[in-house]
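**Student:** Sequences listed follow chains Y and D, in order. Using UniProt numbering, read the first sequence as starting at 1 and increasing by one per residue. Using UniProt numbering, read the second sequence as starting at 1 and increasing by one per residue.
Possibly wrong hints are sitting among the right ones.
[To be verified] The calculated label-pair distances, taken between Cβ atoms and stated as ranges, are:
| hint | chain 1 | residue 1 | chain 2 | residue 2 | range |
| --- | --- | --- | --- | --- | --- |
| 1 | D | Lys147 | Y | Ala240 | 30 to 40 Å |
| 2 | Y | Ser399 | D | His221 | 23 to 33 Å |
| 3 | D | Asn198 | Y | Arg410 | 20 to 30 Å |
| 4 | D | His221 | Y | Glu327 | 48 to 58 Å |
| 5 | D | Asn198 | Y | Lys262 | 18 to 28 Å |
| 6 | Y | Lys262 | D | Glu212 | 32 to 42 Å |
| 7 | Y | Ile259 | D | Lys163 | 29 to 39 Å |
| 8 | Y | Glu320 | D | Val138 | 27 to 37 Å |
| 9 | D | Lys147 | Y | Arg201 | 18 to 28 Å |
| 10 | Y | Pro269 | D | Val138 | 51 to 61 Å |
| 11 | D | His221 | Y | Pro367 | 53 to 63 Å |
| 12 | Y | Ile259 | D | Ala141 | 24 to 34 Å |
Hints in this document: simulated from the structure, not taken from any laboratory. The structure presented is a predicted model; accordingly, all values stated were derived computationally and were not measured. Every residue gets a Cβ at the ideal spot worked out from N, C-alpha and C, and that includes glycine.
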Amino acid sequence: MRHRRGTASLRVTLGIAAGIIVISLSAMGLQYQLTARALAARQAELLETDLEAFAANYQQRRIPALRQAIDFRSETMVPDEAIYLLQDREGVKLAGNIDGWPLGIAPEGARFAPDPVLVYHLPLGPGGTEIAYRGIARELPGGFRFLTARAETPREATLARLRAVILPVAAGLVALALLAGWLTSRWVLARIERINRLADRVAAGDLSARLPGQRPDDEFGLLETHVHAMLDRIEALNRATQSLSDLIAHELRTPLNRILQKIRALDAPGERKAELEAEIHATTRTFNALLDISSAEASSGTRPGFSPVDLSELAAELVELYQPLAEDKGLSLGADLSAGCIVLAERNLIAQVLTNLLDNAIKFCAPGDTIALSLHPSEARHLMVVEDSGPGLPAEIRSEVTRRFVRAERDRAVPGHGLGLALVQAVATHHGARLALPDTAKGFRIEISWPRLAD
Amino acid sequence: MQDTPRPAPRILIVEDDLEAAEALRSAALDLGAEAHLVDTYDEGLAQASSGGWDIIVFDRMLPGGDGIDAIARIRAAGSTALVMIVSALGRAANKIEGLEKGADDYLAKPFDPDELRARLRALQRRASMGGIDNDLAVFGALEIRMKARTVHVGATHVPVSPKEFELISFLARNAGEVVTRMQLLENVWNLHFDPQTNVVDVHVGRLRRKLEQAAGQPVIHTERGEGYVFDPARDGAGAAGRA
């Protein structure tokens, strides 16, 4: 549970941050593109306006007017911003703010049409640095060559300033996005963690655990309400099961008691009466076992009434209890118990498991057989093994021997109610223990691994 | 016990089932006790709290309440009576719950009248002995030293295992009275359910042989179908053992 919480938190944090970052960087990228385009459009417009003016001059008085216009502009414009040049057919400069026709540029297009536009670099910047230009180069009637272009510098400078702003802003955004992601994930996961903690407490056996405080009127509040409703239902069912078995006990035992008292008052031979009494006691025992099984099953995984039990000590006591009986039957009952195997358990139920197993072993074994009980700790569990060299389980009931009332046909004559192993199974499950009935060449072997009590 | 006759013990029976109540009353009368019968929780609680009882027998699942919830209130009212729960809630878990909530004994229905009598007698004895716990219990030649946890017959030490010592001391505390197998399982082995095999018989048998060998006469007697009686003087001079 715990380790998954960490990765979920990281995932949510990164997911939210990535979302914010992608959206804001895209927005900034778009803004940059739009700005670059707007700047380019403005440059193109300036060039077009120039060309329209030159076209009008040329229309009026041809080259002299054009020359005058260029001279006028050349006075105010430096080559950093815009260049102008008008030459005659011999290549003599008539007007302009640059000296000669730049190499590598061939006149192209008709008179003052805005297209085609040429893009080129000229070393006209301060200290001879290259500057990008957008402009036109044309050959006018009479062999005159005319060139004008606008420097891209202002546009590039604006874009560079924009880029310089974008970078730190993007870095800040990433940081803010991570923070926002972290805060959101913390908030969301804290709400989920509340419910997880509740689930942990319930799993640990506290069916009456509920979340304290007001439930907010949102989806999480609704989830908590649903979880609470489920727990209420489970608790009610559990209580109903318990009170039903109490009721059954009351409604059956009270009449059984009346019968028993009446048997005593009967005018019948003592033997006959003892027989009837024994029947009633056997019925009660079966009945107890059934109730014990359903009670253990109903409360599987829950821990009320659990306390630390020294399994080693209890096992030793029960071996001591059964030792003389085994000896009298000519059986050898051996115990190999590691000390200090502590489990969280209901002592009485574990005692019932052990007596059921030892009872069975003694009941089914013949003189000369051996019975062994061992208990050893391992990493997370205490492994308890009861095995004997008796007749073992018939193959046909092996798989279902832990079900109620399942008994082997051959054992019909042996007293018992067929509930012993069912109770063992129910109690094991109740304690979170694992039960195994491994195949054995001879005899019977049962392994129960109890979860050890955390130190 | 004492030569001067003790006043008859007073037993309050709170039970709503007529048959059970009658069985309880007749067991109480057999013990020479004065029995008083009520059949609801509230009346039982009121009577129990009024005091003057030696033993209170309370049912559970009574009209009006559960007998084990009454125990604390009876104690709070200052009663020193011993409380025995007799109930149809007879699983081991129920018994342990009852004992943990302060019951002095817990008998499951259906009950054997003999079992009931034996338990009432044990309670009665506890009530009359009070809190006195002698270190030395002497039964003729047989001596039980409680602190040293040893058993002697005359000058001979009888070796007993720790469980056997607990067994003999429980039997000795109820000397002269029938003690049932269930009582032994509960008091000596702390087991509150009935194993299918009679494991207890084998233990008592071994202890009996040991003691008989040392004492030269039976010390523990079997009451057929009922249980055991610890009575070193039964075949002897007739004087009751003194605890």
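**Student:** Against each hint, give a clear statement of whether it holds in the structure.
**Tutor:** A quick look at each hint next to the structure:
1. Lysine 147(D) and alanine 240(Y) have their C-beta atoms about 51 Å apart, which leaves the hinted 30 to 40 Å range violated.
2. In this structure, serine 399(Y) and histidine 221(D) break the distance hint of 23 to 33 Å, their C-beta atoms being roughly 49 Å apart.
3. One distance hint, 20 to 30 Å for the beta-carbon pair asparagine 198(D) and arginine 410(Y), holds here, with the actual separation near 24 Å.
4. Taken as a hint, the range 48 to 58 Å is violated for the pair histidine 221(D) and glutamate 327(Y), whose Cβ atoms sit roughly 24 Å apart.
5. A beta carbon spacing of about 26 Å between asparagine 198(D) and lysine 262(Y) agrees with the range 18 to 28 Å that was offered as a hint.
6. For lysine 262(Y) and glutamate 212(D), the Cβ-Cβ distance of about 39 Å falls inside the hinted range of 32 to 42 Å, so the restraint holds.
7. Look at isoleucine 259(Y) against lysine 163(D): about 36 Å separates their beta carbons, and that is inside 29 to 39 Å.
8. In this structure the hint that glutamate 320(Y) and valine 138(D) lie 27 to 37 Å apart at CB holds, the actual value being about 28 Å.
9. For lysine 147(D) and arginine 201(Y), the hinted distance range of 18 to 28 Å is not satisfied, since their beta carbons lie about 47 Å from each other.
10. The beta-carbon spacing between proline 269(Y) and valine 138(D), approximately 42 Å, falls outside the hinted interval of 51 to 61 Å.
11. At roughly 30 Å, the beta-carbon separation of histidine 221(D) and proline 367(Y) lies outside the given 53 to 63 Å, and the hint is violated.
12. Checked against the hint of 24 to 34 Å, the pair isoleucine 259(Y) and alanine 141(D) fails, with Cβ atoms roughly 46 Å apart.
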